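> For reference, the chains in residue letters:
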Amino acid sequence: MFEEYAKYIDEGTLNELKQLAKELKGVRILHVNSTKHGGGVAEILHRMVPLMNELGIETHWEVIRGNVEFFKVTKKIHNLLHMPGRETLSHQDVITYMRQTYENVSHIDTDYYDVVFIHDPQPLGLIVKKKQGQRWIWRCHIDISTPDEEVWKFLEMFVNGYDGSIFHIPEFVREGVQIPAFIIPPSIDPIHDKNRELDEGFIKSTLERFGIDPERPIVLQVSRFDRLKDPIGVIEAYRMVKRRYDCQLVLAGSFADDDPEGAEVYREVMEAKGDDQDIFVLNLPPDSHREINALQRSATVVVQKSIREGFGLVVSEAMWKYKPVIGSNIGGIRRQIINGVTGYLVNSIEGTAFRVKQLLANPKDREEMGRNAHERVRHSFLITRHIKDYLLVVYKLLKS
Amino acid sequence: MSTFVFKSELWTAQYTGLRVNTVASFMRALHEVDDDTIYYHLYRNLFEYHFLPTDYGNSFAYWLAENGFPVLAEKFSAIDLMECVCIADIRAEMLKILHSGVDGFERLCKPFYFIRAIRKVVDTGTVANSLEEFREGIKKVGIHSLFYHLVTSRLVHGEPVNDFSRWLRSMGEEEKAEKIERIDLMAYSLYDVRDMILNYLES
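For the record, the sequence lines run as chains A and B. Going by our numbering, the first sequence opens with residue 1, and the numbers climb by one from there. Going by our numbering, the second sequence opens with residue 401, and the numbers climb by one from there.
Since the hints were made in silico from the structure, they are not lab data. Note that the structure is predicted; figures quoted are calculated from it, not measured. Fair warning: there could be bad hints in the mix.
Only part of the chain B face toward chain A is listed, based on derived beta-carbon distances under 7 Å [what the hints assert, rightly or not]:
(1) SER408
(2) THR412
(3) ALA413
(4) PHE451
(5) LEU452
(6) TYR513
(7) ILE515
(8) ILE518
(9) LYS520
(10) VAL541
(11) GLY542
(12) HIS544
Ideal Cβ placement from N, Cα and C applies to all residues, glycine included.
Generate coordinates for the entire structure from the input sequences, incorporating the hints supplied.
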């Protein structure tokens with residue numbers, strides 16, 4: 001499988017990864033998360049686990065069990081860590097979480113491993129199984145810098161039992177985390193359907209399927225239907241652009257049937273679209289990877305105007321496809337875009353419109369920024385870099 | 401004849417827990433942080449962005465610029481890392497720049513997060529016993545390896561000469577060694593540097 005990556009990364013870099021892995025020969029690693037399918041964590045583990053095995057490091061992946069009640073509680077914990085204030089964690093919630101955690105303790109074998117990666121808060125409580133000599137790492141994929149205090153008090157005792165933690169960016173680290181906090185951004189996989197090259201025929205037919213004109217400029221935002229992604233703001237920016245530039249706006253995303261907020265936002269977006277035939281609001285099934293890929297490849301300019309963002313890897317996905325991205329000057333987005341070099345960082349609807357116009361008017365700038373964007377991702381946001389970082393953390397913790 | 405062993409240095413990042421939001425507290429932190437933290441913000445940045453035309457050369461400079469200290473940002477950016485053989489010198493240079501600075505050091509800025517580099521040197525498995533093998537090695541190893549031998553190992557050994565030039569001199573190749581030494585590593589991408597070295601070796 002590694003050979004497939006040789007096309008994207010120089011041989012020397014792949015070789016260094018293999019050399020690093022040799023120094024960890026015999027180390028056994030386990031990843032634990034809450035789902036096998038859906039979401040960025042599962043997506044990356046599907047590829048990372050076989051790659052680590054190919055490097056000669058025995059790596060396994062387990063998924064915790066849980067009933068609907070348990071996952072309701074963990075969803076609440078997630079929300080309260082990410083955005084406090086809308087709900088509270090009840091005594092019954094704590095009981096539900098602990099009861100399920102102890103069930104998982106009995107069905108997941110962690111004793112066999114030297115290093116255990118626990119992803120996100122759902123399986124956090126498994127730390128009670130930690131044996132002497134093992135190294136346990138909490139990989140946190142969300143922003144916990146300003147959590148709900150009660151929830152944090154509950155989770156803190158688990159977190160500080162780990163040997164190390166990993167966050168996307170330092171801004172996401174909660175003050176008071178007493179264990180080493182490593183900073184490792186997420187990554188994209190160049191050979192995933194989302195990112196691999198597509199033939200022109202498929203790209204064209206995808207546009208035709210949605211009624212998008214391939215001959216006219218396309219401004220694209222890919223995101224779920226969520227107010228935090230500010231789709232209405234994107235429509236407003238597009239309208240400012242449209243006064244002088246012929247273009248189409250594509251808002252592509254999805255919402256699940258059980259996501260009432262998603263449906264509500266979708267309705268709001270449709271209302272804002274009105275009868276504008278050049279706005280395409282696409283609610284796609286969650287596995288529409290090739291379609292999203294095609295839309296990104298056919299876009300003239302890509303926008304990511306989020307108000308708040310976990311990391312916003314969709315930015316790197318577009319950059320990988322040689323697209324300059326105009327993104328909000330926040331969190332993970334500002335780590336990916338280098339202002340004026342790989343795209344633009346903006347702080348308002350007006351700023352977004354201004355930069356979209358600049359890029360629509362200047363194909364040479366688009367081309368140059370797109371090239372820079374691709375190189376930036378190749379250098380810093382591919383899965384091989386992610387594996388290298390994990391191996392270094394494992395090395396560091398095992399030797400300490 | 402001496403053997404050249406191609407090594408490489410890989411690194412990841414660890415948050416130090418130190419966050420500052422004024423230039424005054426930034427100065428105090430610069431006194432305190434360990435060498436690997438200075439290394440991260442200067443050298444890792446040089447590596448991270450070597451192929452892109454960025455406005456400034458390191459994250460200290462970016463932060464100063466973003467917070468309304470463009471002169472300091474330019475001065476920080478212009479620190480020639482190739483002229484320094486130890487982090488202590490660079491630290492002193494940065495503090496000297498800040499001491500000669502302007503007003504507003506207590507003004508509230510956006511936070512700056514100090515990150516430490518977790519560094520690990522690995523053998524690449526490539527060695528050279530002749531000029532020909534050396535050239536093949538330069539072609540084969542990754543840019544991390546070039547960075548290590550040209551930049552980082554100078555800090556490790558506390559010497560102004562890079563590993564490639566030192567070995568070439570030991571092989572009697574003074575002119576080639578000299579040419580490699582003169583490459584401005586702050587200005588070229590490592591891909592360009594590789595091509596330049598290969599050209600010098602072939603000449």
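> How about ILE515/B: closest beta carbon in chain A under 7 Å, or not?
holds (6 Å)
> Does TYR513/B pass the interface hint, meaning its C-beta sits closer than 7 Å to a C-beta of chain A?
holds (4 Å)
> How about LEU452/B: closest beta carbon in chain A under 7 Å, or not?
Holds, because the Cβ-Cβ distance from LEU452/B to chain A comes to roughly 5 Å (cut-off 7 Å).
> Go through the hint on LYS520/B and say holds or violated, using the shortest Cβ distance to chain A against 7 Å.
With Cβ-Cβ at 6 Å, under 7 Å, it holds.
> With a cut-off of 7 Å on the beta carbons, see whether ALA413/B makes it to chain A.
Result: holds, 4 Å to nearest chain A Cβ.
> Min Cβ distance, ILE518/B to chain A: is it shorter than 7 Å?
OK, holds: ILE518/B within 7 Å of chain A, min 5 Å.
> With chain A as the partner, please determine if HIS544/B meets the hint condition of a C-beta pair closer than 7 Å.
holds (6 Å)
> Holds or violated: is there a CB of chain A closer than 7 Å to the CB of SER408/B?
Given a least distance of 5 Å, the restraint on SER408/B holds.
> Using Cβ atoms only, decide whether GLY542/B comes closer than 7 Å to chain A, and label the hint accordingly.
holds (3 Å)
> Would the hint on PHE451/B be counted as holding, given a Cβ-Cβ threshold of 7 Å to chain A?
Where the cut-off is 7 Å and the nearest Cβ of chain A is about 6 Å from PHE451/B, the hint holds.
> Any CB of chain A closer than 7 Å to the CB of VAL541/B?
holds (4 Å)
> Was the hint right that THR412/B lines chain A, CB cutoff 7 Å?
Hint holds; THR412/B Cβ to chain A Cβ min 4 Å, cut 7 Å.
The earlier numbered hints are all upheld by this structure, with none contradicted.
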